[in-house]
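Heads up: the sequence lines are chains U and H, in that order.
Going by full-length UniProt numbering, the first residue of the first sequence is number 1, and it counts up by one from there.
Going by full-length UniProt numbering, the first residue of the second sequence is number 1, and it counts up by one from there.
Do not take every clue at face value.
As the list claims (entries may be wrong) - Example chain H residues on the side facing chain U (calculated, C-beta under 8 Å, incomplete):
{"#": "1", "residue": "44"}
{"#": "2", "residue": "47"}
{"#": "3", "residue": "48"}
{"#": "4", "residue": "94"}
{"#": "5", "residue": "95"}
{"#": "6", "residue": "99"}
{"#": "7", "residue": "130"}
{"#": "8", "residue": "288"}
{"#": "9", "residue": "294"}
{"#": "10", "residue": "303"}
{"#": "11", "residue": "306"}
{"#": "12", "residue": "309"}
{"#": "13", "residue": "311"}
{"#": "14", "residue": "413"}
{"#": "15", "residue": "419"}
Claimed, not checked - To give an idea of the chain U side of the interface with chain H (calculated C-beta under 8 Å), a few residues:
{"#": "16", "residue": "32"}
{"#": "17", "residue": "123"}
{"#": "18", "residue": "163"}
The hints are simulated quantities; they were obtained by calculation from the structure and are not laboratory data.
Think of the CB as a built atom: it goes at the ideal place given N, C-alpha and C, for glycine as much as any other residue.
Next come the chains, spelled out residue by residue.
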Amino acid sequence: MKALAARRHHRLAPVVLLLLALLTTGGVYAALAPSTANAETVSTADIETGKKLFQANCATCHGANAEGTDGVPSLVGVGAASVDFQVSTGRMPMQMNGPQARAKPRQFDDADTAALAAYVASLGAGPAIPTDDQVDAAQGDAANGMALFRTNCAMCHNAVGAGGALSEGKFAPALWDTSERNIYQAMLTGPQSMPVFNDANITPDEKRDIVAFLVEQREGSAGGNALGSLGPVSEGLWAFAIGLGLLIGAAVWIGAKSS
Amino acid sequence: MSTATHDTQREAPAKPTTTVGKAADYLDQRTSIGVAVKEFARKVFPDHWSFMLGEIALFSFVVLIISGFFLTMFFEPSMALTRYEGEHPASMHGELMSVAFASTLDMSFEVRGGLLMRQIHHWSALIFMASIVVHMMRVFFTGAFRKPREINWIVGLLLMILGLAAGFTGYSLPDDVLSGNGLRITDGVVKSIPLLGSFLSYLIFGGEFPGHHIVPRLFTLHIFVVPGILLALIALHLFLMVLQKHTQYPGGGRTDTNVVGYPALPVYVAKMTGNFFLVFGVLALMGATMAINNVWNYGPYDPSPVSAGAQPDWYMLFLEGSLRLMPGQGTEWVIFGYTLSWNILIPAVVVPGLLFTFLFVYPFIEAKVTKDDREHHVLDRPRNRPARTGLGVAFLTAFIVLALAGSNDLIATHFGLSINAITWVFRILLFVGPVFAYSVTRRICLGLQRKDRELVLHGHESGRIVRFANGEYIEVHTPLDEQERWLRVNYDSPAPLEIAPKTDARGVKRKGYASDKRWQRLSRFFYEDRVEPVTPAEVAAAHSHGEHDQLGESDERPAVEAGAGTTSREH
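Can you make the complete structure from the sequences, with help from the hints?
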């Protein structure tokens with residue numbers, strides 16, 4: 001202790017103290033602060049808020065008690081994960097009728113989304129919002145994820161998740177910008193045309209492997225610009241636009257010389 | 001002076017002094033190569049940028065050979081199963097795959113420069129086919145396939161088909177999911193051939209698809225058989241080009257009996273060398289900066305998965321599109337227990353068959369309906385052959401519609417459209433589009449020809465308006481110079497065939513009349529509507545009553561016939 005006491009008048013002591021204080025405060029806050037997306041931390045107050053939000057924003061289509069109306073699904077038993085996915089990606093509230101609800105800037109902040117999710121979850125048991133641990137790409141096995149993705153997802157979402165077309169204007173969206181939590185939730189709840197991959201079908205660990213594979217794809221290609229990873233059609237387009245374009249330009253240039 | 005006893009009238013050539021000169025002299029004394037060099041160095045080639053399109057194809061083929069040679073050193077054409085031990089890419093580590101796929105990954109991630117070489121090779125293949133197609137378009141639209149070059153047109157077509165074969169066999173080698181899907185479609189197409197289908201499929205794959213033989217077989221085809229024939233035919237293609245001399249664009253002083261241009265040495269050798277380095281440079285740049293066919297994205301082949309956006313390389317896209325457009329329901333007939341799959345036979349065998357047949361027979365059909373057996377060395381301006389230009393554009397329209405149909409899923413996602421609607425639009429466009437394109441193109445050509453007539457007869461509009469003393473206004477036209485006029489009047493405008501009457505003088509039916517009649521009908525389709533080139537007499541006539549065009553300089557002309565030459569447009 002003596003050594004410590006001897007240095008308390010050091011001119012850097014206040015800086016060190018300040019850093020320590022900040023670290024402690026931050027650490028304690030991080031440990032104690034409620035994770036808004038976590039279904040276990042909901043209170044009855046949240047459910048009440050959620051109900052009010054629901055009645056103001058969702059009931060027109062989904063019915064006053066989320067029982068569904070003609071052509072609009074009931075939300076009883078869809079679970080918090082489904083609400084969180086639909087609302088946090090901006091798909092709900094839906095902008096307009098169309099082949100499918102499109103992602104758009106989200107309309108509710110984290111707290112309101114959590115409240116809505118808590119309300120819908122209270123109507124009937126359904127998949128809960130995954131924990132941060134469950135969607136942590138660092139813990140997943142990308143190789144296994146790819147094998148699973150190839151057999152279960154690639155036929156709609158393209159081999160590396162660049163998206164693809166479905167019938168009648170519906171489509172499987174590109175997954176480049178989808179958050180890890182949303183990817184997991186989509187598998188769990190099967191939004192719109194997507195099938196549900198429940199935990200018996202693809203286990204939570206396997207889901208995390210898939211998330212890890214998709215996150216790995218965001219690093220780009222070792223070969224250079226990935227050209228959207230869309231496959232041979234975009235490669236052909238660029239072969240004409242850049243390759244043949246440059247070469248014909250060069251031919252015109254050479255042809256113009258000396259003649 | 002000379003010590004030679006039997007060659008006194010010629011001065012002894014000066015002894016070469018430079019190293020290069022000495023080396024050349026050494027070689028010449030032993031091989032007389034100087035004769036060949038002189039011949040080639042003085043050979044004249046006409047100058048135009050579009051004559052370099054075939055060169056681009058040739059040089060990308062050279063790049064293909066060089067990069068392909070590198071790749072063969074690391075590729076193992078085996079379908080034996082192995083576990084990938086490499087660390088990169090992480091998503092492939094520990095996966096079960098064929099040795100072919102593993103060696104592709106290995107050459108991409110472990111071999112220094114391997115991925116660069118693979119990408120250069122693949123981009124070169126795309127550019128090779130693209131430049132062949134563009135070169136063919138140049139040849140077609142300018143009529144360079146006419147006598148004496150019909151044979152070289154056929155050789156060129158064979159080169160294109162071999163290019164397709166080379167592309168297809170190479171695309172299938174890495175044994176990834178995408179190329180395996182391509183092979184699966186090939187298997188389906190082969191099996192759709194009536195009676196022989198299943199036997200052929202077993203023959204090709206050495207048993208049930210996919211088997212263990214296809215990759216080594218394709219490898220032999222890809223690195224030996226196809227490029228061997230390609231090389232031989234390229235040599236023939238170039239030999240015929242040199243032998244028949246290059247065609248030239250029309251212009252003053254250029255005729256079917258001369259070649260106007262520059263000598264091979266130094267002009268064309270320099271230009272060709274420059275072009276080669278540019279082609280190599282562009283291909284290397286593409287290989288270095290743009291990822292192509294990242295097979296590890298698709299994973300090792302397994303017959304069950306197909307990913308969205310699974311398409312062949314662009315030159316095969318028309319076949320993919322043809323398959324995608326064909327309705328499936330009700331097109332499979334079962335006859336005595338045998339299935340006849342029209343849904344594959346029509347799009348994958350009949351449609352490409354029709355397209356290629358058109359290309360093969362066109363030069364001969366055109367020669368026949370034109371009754372043309374003259375040698376041609378001066379090219380046509382596309383507008384002067386409206387029917388040919390129209391047919392060419394119609395063909396391209398069909399090809400492009402099919403290629404777009406092969407990309408229908410990407411069109412749907414990128415333009416927010418319904419894939420079903422797109423498919424129906426393309427189904428209709430495949431039939432309506434070419435007809436529409438033919439008609440519009442031909443009309444545009446005829447319009448341009450009339451514009452040419454107008455120009456030749458009355459000259460350029462100068463924008464100068466002159467008022468005469470009597471109040472009449474005219475615009476002064478500047479006459480065309482000799483070169484401009486030459487270009488616009490020196491072309492043939494063939495008339496439809498005239499055939500002998502149905503019966504001879506004694507009223508006996510003539511043999512072959514029915515066939516003649518059919519050819520005449522086809523000939524009318526080609527040449528019924530036409531614009532004749534301006535004759536010298538017409539020019540003279542136009543000038544005699546259009547004096548003011550030249551004399552407009554002095555603004556005080558007495559009135560002459562105004563609006564001169566709004567006549568003489570027969571069509």
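Going through the hints against the structure:
1. 44: violated (13 Å)
2. 47: Holds - the Cβ of residue 47/H comes within 8 Å of chain U, reaching about 4 Å at its closest.
3. 48: Cβ of residue 48/H sits 6 Å from chain U, so the hint holds.
4. 94: It holds, given that the least Cβ distance between residue 94/H and chain U is near 6 Å, below 8 Å.
5. 95: At 6 Å from the nearest chain U Cβ, residue 95/H passes the 8 Å test, so the hint holds.
6. 99: Interface hint status for residue 99/H: violated (19 Å vs cutoff 8 Å).
7. 130: holds (5 Å)
8. 288: holds (7 Å)
9. 294: OK, holds: residue 294/H within 8 Å of chain U, min 5 Å.
10. 303: At about 12 Å, which exceeds the 8 Å cut-off, the nearest Cβ of chain U leaves the hint on residue 303/H violated.
11. 306: Holds, because the Cβ-Cβ distance from residue 306/H to chain U comes to roughly 6 Å (cut-off 8 Å).
12. 309: holds (5 Å)
13. 311: Holds - the Cβ of residue 311/H comes within 8 Å of chain U, reaching about 5 Å at its closest.
14. 413: Since the shortest Cβ distance to chain U is 5 Å, the answer is holds.
15. 419: holds (5 Å)
16. 32: At about 36 Å, which exceeds the 8 Å cut-off, the nearest Cβ of chain H leaves the hint on residue 32/U violated.
17. 123: Violated, because the Cβ-Cβ distance from residue 123/U to chain H comes to roughly 34 Å (cut-off 8 Å).
18. 163: holds (6 Å)
Checked against the numbered hints listed earlier, the structure breaks hints 1, 6, 10, 16 and 17; every other hint is satisfied.
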